[in-house]
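The primary structure of each chain is shown beneath.
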Amino acid sequence: MKILVVDDSATMRRIIINHLKQAGYSDIVEASNGVEALSRMSGIELVLTDWNMPVMDGLSLVKEIRHNPNFSSVPIIMITTEGAKEEVLEALRNGVNDYIVKPFTKQIILEKIEAVVG
Amino acid sequence: MDVRYINPFINSLINTLKMMMDLDAVAATPFVKDNSKTSGDITGVIGFAEKKIMGSVALSFPEKAALMLFEGMTGEATDEINRDVEDCIGEVANIVAGGAKTEMAGQGLSFNISVPSVVVGQNHSIRHKAETPVIVIPFSVKDETFVMEVTMKLTD
Ligand SMILES: [Mg+2]
Numbered sequence: 001m002k003i004l005v006v007d008d009s010a011t012m013r014r015i016i017i018n019h020l021k022q023a024g025y026s027d028i029v030e031a032s033n034g035v036e037a038l039s040r041m042s043g044i045e046l047v048l049t050d051w052n053m054p055v056m057d058g059l060s061l062v063k064e065i066r067h068n069p070n071f072s073s074v075p076i077i078m079i080t081t082e083g084a085k086e087e088v089l090e091a092l093r094n095g096v097n098d099y100i101v102k103p104f105t106k107q108i109i110l111e112k113i114e115a116v117v118g
Numbered sequence: 001m002d003v004r005y006i007n008p009f010i011n012s013l014i015n016t017l018k019m020m021m022d023l024d025a026v027a028a029t030p031f032v033k034d035n036s037k038t039s040g041d042i043t044g045v046i047g048f049a050e051k052k053i054m055g056s057v058a059l060s061f062p063e064k065a066a067l068m069l070f071e072g073m074t075g076e077a078t079d080e081i082n083r084d085v086e087d088c089i090g091e092v093a094n095i096v097a098g099g100a101k102t103e104m105a106g107q108g109l110s111f112n113i114s115v116p117s118v119v120v121g122q123n124h125s126i127r128h129k130a131e132t133p134v135i136v137i138p139f140s141v142k143d144e145t146f147v148m149e150v151t152m153k154l155t156d
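Sequence lines, in order, name chains E and S. The numbers in the working numbering rise by one with no breaks, and the one at position 76 of the first sequence is 76. The numbers in the working numbering rise by one with no breaks, and the one at position 92 of the second sequence is 92.
Treat the hints with caution; some may be incorrect.
Partial chain E-side listing against chain S, Cβ under 7 Å, derived [what the hints assert, rightly or not]:
#1 R14
#2 P54
#3 K102
Hint data in this document are derived by calculation from the structure and do not stem from the laboratory. Glycine residues also receive a C-beta, built at the ideal position from the N, C-alpha and C atoms.
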């Protein structure tokens, strides 16, 4: 499964990718904002995205993906510090499949991926 | 500044270090800051703003403490503050601010947080966002210490 990991923090991408690789996911693409992410969507089967990013944030990215007929059904999990109820609801309304609040553990990430694509 | 606005930051910091790095941070007694200098070699800052709220949070680490956090986060050791460590400290500040934001939203206080900025160098100054007292909360983790500075102003 080809996974796109989107976060403006290189540290956060590294942590998420380490967790994914340890769980056997090896086909991973990175992007540091929404614009970069959109240019790397080809063949992507799961998107893990941050919300707060410069250039294009995660919520705008979700809207773009959902409005693009080529990618509109790709599962998206948001991994973000935005844990307030209103933000979670807004993300879900805009088509996010699941939601993880930072800080997280490896187990939380892998369980959510299983639930979305398993 | 109301202590009710300090506790969400303390809780969030302790929770972040525990979950992301399995480190136990212990808070000491907060005090009011009396100059603009920070104690650390590297500082991550997040500003917050909303119609009625202005403020910022800064996490300032001596080099050794920053390197310990970096290793805890990534599982990789490094012996100097580099771009990766700067990014890591910025993201820790982001997660701590986000956690506090979430707790405060539950109390009916909502605000937006900025993307992190990181300052490196001894004796650097931090410009906080509100013209209100800055509260310093010292923390210890293993043998290292660092501080969190918080200021928040409610306008109306
Ligand atoms: Mg971010």
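Now for the hints, and whether the structure bears them out:
1. R14: Result: holds, 6 Å to nearest chain S Cβ.
2. P54: holds (6 Å)
3. K102: Since chain S brings a Cβ to about 5 Å from E/K102, closer than 7 Å, the hint holds.
Hint compliance for this structure: no hint is broken.
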